[in-house]
Structures are given as C-alpha cells and as structure tokens.
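Based on the sequences and whatever the hints tell you, model everything.
Quick mapping for you: the protein sequence lines, in order, are chains A and B. One point on numbering: in our numbering, the residue at position 75 of the first sequence is 141, and numbering is uninterrupted. One point on numbering: in our numbering, the residue at position 270 of the second sequence is 1300, and numbering is uninterrupted.
Treat the hints as calculated values from the structure; they're not laboratory data. None of these values were measured; they are calculated from a predicted model. Idealized CB from N, CA, C, for every residue including glycine. Watch out, some of these pointers could steer you wrong.
[As the list claims (entries may be wrong)] Sample of chain B residues at the chain A side, in silico, Cβ under 10 Å:
#, residue
1, P1423
2, Y1454
3, F1456
[Said to hold, decoys possible] Pairwise CB distance ranges, derived in the manner of DEER restraints:
#, chain 1, residue 1, chain 2, residue 2, range
4, A, L157, B, L1163, 36 to 46 Å
5, B, L1163, A, A103, 30 to 40 Å
6, B, D1488, A, A98, 12 to 22 Å
7, B, M1368, A, L157, 20 to 30 Å
8, A, G120, B, I1499, 21 to 31 Å
9, A, V205, B, D1488, 54 to 64 Å
10, A, L123, B, A1229, 53 to 63 Å
11, A, W215, B, S1437, 18 to 28 Å
12, B, P1382, A, L192, 41 to 51 Å
13, B, L1515, A, H134, 17 to 27 Å
[What the hints assert, rightly or not] Counterexamples of contact, computed for chain A against chain B with all Cβ distances above 12 Å:
#, residue
14, Q71
15, I131
16, H134
17, P214
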Amino acid sequence: MTHRQFDWPDLLFGGFLIVVAAGTFAATWKLAGGTAANMGPGYMPRAIALVLLGFGLFFTGRGIISSHAGIERVHVRPLLAISVAVGLFALLVESLGLAVASLATIVVAAFASHESRFFEIIVFGLCMTAAAILLFVKVLALPVPVWPW
Amino acid sequence: MELFDNLLLGLSTAMQLNNLLYCLIGVVIGTAIGVLPGIGPIPTIALLLPFTFGLAPASSLIMLAGIFYGAQYGGSTTAILVNVPGETSSVVTCIDGHEMAKQGRAGPALAIAAISSFFAGTVATIVIAVLSLPLAALALKFTAVEYFSLLVLGLFAAVILAHGSVSKSLAMVFLGLLLGVVGIDVNSGAARMTFGIPALADGMDFVPVAMGMFGLAEIIANLERPAVRQVVSQKLRDLIPSRADLRAAFPAMVRGTLIGSALGVLPGGGAALPPFTSYAVEKKLARDPSRFGKGAIEGVAGPEAANNAGAQTSFIPLLTLGIPSNALMALMIGALMMQGIQPGPQVMTEQPELVWGVIASMWTGNLMLLIINLPLVGLWVSMLKVPYRLLFPAIVLFCCIGTYGISNSAFNVWLMLGCAMLGYFFIKVGVEPAPLLLGLVLGPQLEENFRRAMQLSDGDPSVFLTHPISAVLLAIVALMLLAMLSPALLRKRKEALAE
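This is the structure we're talking about:
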C-alpha cells in the first residue's frame, strides 16, 4: 500500500460497483428500454446499473476523502488451492467421473492449509470419495458418471 | 376455532411418519453444523436444496426448517463449552455460558440453554399460528402495487436491521437485483446479460451464488486466521439445574421469548438481533449487573430463548406474505419455487397442510432437539475434535457435488467458483454478502410487480402513494431511512451490534 491516504475498502468496493455498472450498460445497450408504462427488457438492468453507478461514485469519493484504512493481507495459498480444487472438480466430473474428481478435489483443497499431512489426506480423501459416491449416487440418485470407463 | 383446526391439521401433517423422519434428519444435521464452526446453515441448506426436489413440499420445508433452528441449538453448545460461537446468534451465549462452564457448571448451562430454547420454540410456534391468519387475510387484498411496496420494505428493513454499513448493504441489494435480471426476459423473450451462455437463460441459480459466497469464501477467509480451540473438558454429570437456577432463569426466559418473537418478525431481525437485545435487557433489569460476564444464568437463558423464538418467528413473513426476512429465508423461498409453489399469501389458503404442517413441525422438532441435545451432548462435543484441516476439504467437496447436482451442469460449479472469488473480495473490503442474496431472490418478483403496477397506472409512479396500504409501507421505509440518518440512532445501533 503505497498510497497511505486512502480508505482502501471503500475505494475498491466503489471501483468494483462502477465496473459492474459500466459492464451492464455495455451488455444491455442493444436491448430496448421502452417507457415506464411499457417497459422493454433493457429498462430494469439499466435502471439498476444507474443506481449502482451512483453508489460506486459515492464510495469511491468517500474512499478518496476519508482517512486511511488498509485491507488485511491476502494469503495466496488458501485462495489458490481452493480455486484449483473447485476448478478441477468442474473439469473432471463429467470426463473422468465422480470418483477421480472427488479425490482430486479433496487432495488439492488440502494444500490450502499448512496443517495438512500427506498420508492422512490421501486416506481421508479415499474415505470421503467413497462416502460421496454412496450418499450422492446411491442414496440421492444423482445422475453422474462414477468411473472414468 | 379456526386456529385449533389449523393447528390440528398441521399436527396431523407433522406427525406423519415420514415427516417426523425428515424433521429428525433436519434437526440432527442442523445440530451438527451448529456445533461445527466454519460451516453455517446457509451453505448447508443451499447444498441440500437440489435433493429436496423429489420430496413432498411439506417434507422438504420441514427438513430445511429443522436445519435452521437445529443450528441454533448446536451453536449454543459450542458457545458454552468451547467459547466459539457456532453461529452468529450464539455470540452472546459465549459471554456467560462459557464462564459458567469454566466454573464447572457446564451441565446446568447447557440444560438451561436447551430448556430456554424449547420453551421459546413452543411459544413462538403459537405466536406464528396466531399471527399468520390476520396477516395472510390482509395480504390477500394486495395487488402488484402493494406487493412492490412490501418487497421494497422487506429489502430495506433487512438491510437496516442487519449488521454492517447501511450504505454498503444497500449497494449489495442492488447488486443482487442486477444478478436477478440475468436470463431470458419473460415479457419480451430477449436474453439479458446471458453472454451467450445457455445455462444462464433461466436466470442465475442462487444455490451456486450462496455456496460460493457463504461456503467457499468463508473457508478461504477462515484458513487465513489461526485456529484457536479449547474444549472445556469436564464430566457433564450434573446436567440437571438446581431449583435456584430455574427460578433465576425463568423470568429471563419469558422476557427473552417475548423479545425474540417480536424482533424475529421484523425483516432482517432473523437470528442475530434478538439475543443481543435480550442480553442488554437482562443486564439492565438485574439487581446486580456486575454478575453478568461472570456466569450469570440469566445471561444464558434470556438470549437463548430470544434467538430461538426469533429464528422461528422469522418464518412469519415468509409463510404469510411470501417475502423472506433474511438470506436464509430467501433460500426457503427458493425451496418453495423448486417445488413449483409461487410464494405469497395464496399459499396459506391453497396449501394449508404445507404451511400448518411446517408450523407444527417446529414444535415436534424442538422436542426432538431437547432429547437429542441433552443426553447426547457428549457426542456433539466429540464432533468438535474433528480437526479443521480435514473438515474444510470435505466441505469444499460437498459444495462442488451439491452445486453440480442442481442441474448436472459443470457451469454451475464454475459459477460457484466465481462467486467464491467475489465473496472473498467482499470479505476483504468488509461488505456483508447476505443482502445480495436477498436481492437476487427477490429481484424477479420485484421487477414483475413493478412492471405490472406501472402498466396499470400508465407509467405514473404516484400510484404507489395513492394506494393507502402501499403508501403506509413506503412511509415506513422513508421513516427508517430518516431514522438511520440521525446520528443519535446511528450510535445506538453501533453499540447494540458491537456489544
């Protein structure tokens, strides 16, 4: 944080809202707005985006004026490990089946914590995979492939 | 007596064997997640939603409701024994409950907490039954105009009474409303902000959003904090509180129940506000306020009764008007809609078994909780010994499978991942995600009613002020906003929420 004078949470949240509002305008500019009595599909999104833009400008302004407030440090390890674990699940579940996807998700997610132990997590992962197959496929009848073949 | 007939009808539904079973499943799951810190009722209910699809509407709602109030029980167990509130609603219980445990009186503290919760649950069930009829009768007179105003009131009240900055929460509501318009516009058939993704045509599913923001984002944030957990290890032999304990606790229990029932009905009141209020009241009424914080039994009985009563009466707006008072109730609306039931006042007359069955099941559920919590408390405590390093990968996996299961689409898993990132960002900038979920669920209803009202009035917005009921509702919104701007109230709210 080199700029010491800003309220970072306000500034970032405000900036985020402005981006969302701008994105909405860009994504809906082709849709008809219509009138209040006969609204087109673009009426509500643009009306809401306008409000969000207002909020965004307000928070950004407040963030610039008000005194410094920092943001807690972002720890990369949990963020990365959980994201990759979830992403792997999405990629693998339909191609390689639930069993492989579950085990991969558990093992990769475990990397998020310093406390995880290798063998423990392999054994635990196998147990959870079996439990997940039993619960979701056998009991709750989720239609999903279990094995890669 | 119509009330008795209704309650009897409800009891006959709730007492059916399969509904008793689903109620039991719900309260057991609820207690478990209440005991375990790091997973709350919101991701759990979101996770189970896809699987309630095959159940009868009453059974599914009975089970989901059981999870909600079961979590309140479980949360107080950990609050007392470990000084870790399993749920936000049991933060206050930590103060005196854990102090009692340290003095070797964990047994009576747990027993008083459970008895208070049961007492409050019983009274709240009756309150729901009594209040539901007139409210539903009133709601039947509603047109699109009144509905729109009611939804606005619900959204604003939820924001103002909940934690956190009001302006940021309002912004989050609008963000949720924006996510709510994603999908094919029902009136024109035009795709709005679907970015060519077919899975978004039916609108954004709120289950991945809820699980990403409340489940995964919380886990990522939790892993950054060092875990501290100390279980008070002592034999829980003397569960039965002494007569003096009961005499001291009873008035607090009654007051807590009243406070909880009243505050729970308010949108946003939900489960967090009542216990804080009750604790403050007990402290003020006590002859010797200095005992509080050092193991005063009133400080356990009052808030525990209040949080349970509040948890249950927060169902009133949902069951009678079809508007959720907090993010959890928004998920319940989702459960109804998945069953093909459009939430609203007509549900009460069209599906009496459903509404009264759920109400009556709260009482049977509370009875079950009393039984599974007191004698089995040792079992729940041993669950705490499951280390977080094993717990969180399992939660991640279950979130993935649950999200995938809604419509067997990997897209939803990606959506959940995106929402987890977004939720993590919100935690970092200090914004509550709950209002966003409310906005997302209510968005389509709000737009539809607004559109219809404007069509009826030929585009004249003054229609919201010329209809008397609508005018009163909007006046309440205006009053609340004005009150929030007054500095004196702002300070009081800060104190109340900070305590």
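Now the hints, each set against the structure:
The closest approach between the C-beta of P1423(B) and any C-beta of chain A is roughly 4 Å, which is under the 10 Å cut-off, so the hint is satisfied. For Y1454(B), the shortest C-beta to C-beta distance to chain A is roughly 7 Å, which falls under 10 Å, so the interface hint holds. Nearest Cβ of chain A to the Cβ of F1456(B): about 8 Å, under the 10 Å cut. The hint holds. In this structure, L157(A) and L1163(B) break the distance hint of 36 to 46 Å, their C-beta atoms being roughly 53 Å apart.
Against the hinted window of 30 to 40 Å, the Cβ-Cβ separation of L1163(B) and A103(A) comes to about 37 Å, which satisfies the hint. At roughly 19 Å, the beta-carbon separation of D1488(B) and A98(A) lies within the given 12 to 22 Å, and the hint holds. Here the CB-CB span from M1368(B) to L157(A) is close to 27 Å, well matched to the stated 20 to 30 Å. With their beta carbons about 29 Å apart, G120(A) and I1499(B) fall inside the hinted range of 21 to 31 Å.
Taking 54 to 64 Å as the suggested C-beta distance range, the pair V205(A) and D1488(B) conforms, at roughly 55 Å. In this structure the supplied range 53 to 63 Å is violated for L123(A) paired with A1229(B), their Cβ-Cβ distance being about 33 Å. Distance hint for W215(A) and S1437(B): a CB-CB separation of about 25 Å, consistent with the stated range 18 to 28 Å. P1382(B) and L192(A) have their C-beta atoms about 48 Å apart, which keeps the hinted 41 to 51 Å range intact.
Distance hint check for L1515(B) and H134(A): the Cβ-Cβ separation is about 26 Å, which falls inside the suggested range of 17 to 27 Å. Chain B leaves Q71(A) outside its interface by the beta-carbon criterion, the shortest separation being 17 Å against a cut-off of 12 Å. For I131(A), the shortest C-beta to C-beta distance to chain B comes to about 14 Å, beyond the 12 Å cut-off, and the non-interface label holds. At roughly 14 Å, the least C-beta separation between H134(A) and chain B is larger than 12 Å, which holds for a residue marked as non-interface.
Listed as a non-interface residue, P214(A) keeps its Cβ farther than 12 Å from every Cβ of chain B; the least gap is roughly 16 Å.
Hints 4 and 10 from the earlier list are contradicted by this structure; the remaining hints agree with it.
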